[in-house]
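Kindly generate the complete structure, drawing on both the sequences and the hints.
Residue 242 in the numbering used here sits at position 242 of the sequence shown, with consecutive numbering throughout.
Be aware that a few hints might be false.
[What the hints assert, rightly or not] Below are the DSS-like pairs computed for lysine-lysine, each with C-alpha atoms no more than 25 Å apart in a straight line:
id: 1; residue 1: K60; residue 2: K116
id: 2; residue 1: K116; residue 2: K161
id: 3; residue 1: K61; residue 2: K116
Note that these hints are calculated values from the structure, not bench results.
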Amino acid sequence: MLLVSSLLIPCHKLNHHRLYASLFVNAGAKRPMVTASSSTNNAGAFTTIKERVTFEREIKKSRFIAIAGPISDERSAHSFLSEVRDPRATHNCWAYKVGDQYRSNDDGEPSSTAGKPILSAIVSSGIDRVMVVVIRYFGGIKLGSGGLVRAYGGVAAECLKNAPTCLVKSKVLMGLEVTYDLLGVLYHQVRLDRCLFLAFSFYFSFSLFQFGYVNVMNSIGNMFLFQIFISSYGLTADTVCIL
1 MLLVSSLLIP
11 CHKLNHHRLY
21 ASLFVNAGAK
31 RPMVTASSST
41 NNAGAFTTIK
51 ERVTFEREIK
61 KSRFIAIAGP
71 ISDERSAHSF
81 LSEVRDPRAT
91 HNCWAYKVGD
101 QYRSNDDGEP
111 SSTAGKPILS
121 AIVSSGIDRV
131 MVVVIRYFGG
141 IKLGSGGLVR
151 AYGGVAAECL
161 KNAPTCLVKS
171 KVLMGLEVTY
181 DLLGVLYHQV
191 RLDRCLFLAF
201 SFYFSFSLFQ
211 FGYVNVMNSI
221 GNMFLFQIFI
231 SSYGLTADTV
241 CIL
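Below you can see the structure in the form of structure tokens.
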């Protein structure tokens with residue numbers, strides 16, 4: 001699992017003697033939030049590719065091979081490049097995107113005729129955390145700037161089009177406290193929000209915690225405002241591929 005964020009819930013000590021149910025739920029993003037640019041505001045869900053995929057095309061006797069693969073950061077991008085690049089090729093041009101971070105390289109082709117078209121193909125696909133390397137074996141016929149842009153961007157786009165993708169959502173383990181009389185209603189609402197109850201127990205609580213919102217718990221918060229309390233500390237969000 002990839003650690004993507006953490007949350008600390010502030011605590012306010014108050015004397016309170018009511019019977020509470022303590023519940024632990026796995027909360028995922030309620031609906032996909034897939035865009036061409038990922039940020040901390042929409043990090044709850046993104047689309048990436050499941051596995052490495054290759055697409056090949058010959059254009060005016062030059063052989064273009066596009067290789068796309070999932071990455072998680074700049075370090076994994078460099079590792080992917082070192083694995084797939086061919087030192088015997090004329091050019092190994094590439095681009096990658098991880099959230100708001102992106103880079104591209106023309107590897108000796110005229111400026112902006114290779115790396116940027118590859119990056120544009122990535123952005124247009126809506127796929128995140130991916131790198132595409134396009135290897136060219138020169139065939140003796142020059143393509144010109146426009147031809148290079150179409151060639152590199154085109155094979156990158158086709159490669160991503162053929163790639164199997166998956167939706168990745170955040171998963172948060174959350175502890176909640178709610179009075180016993182509201183337990184049934186809360187259980188129903190959490191199920192509607194596609195969360196999963198892991199366990200619950202009953203105990204007397206002597207503390208009240210400031211209410212906070214976490215992803216899909218918004219709807220629960222609106223319904224139970226000041227009647228339900230997040231009671232777990234140091235919560236972390238992991239990512240899990242669900243499709």
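Hint check results:
Annotation: proposed proximity of K60 to K116 holds, straight-line Cα distance about 21 Å (limit 25 Å). Taking the CA atoms of K116 and K161, the gap is about 18 Å. The hint holds against a cut of 25 Å. For the suggested pair K61 and K116, the alpha carbons sit about 23 Å apart, so the restraint of at most 25 Å is met.
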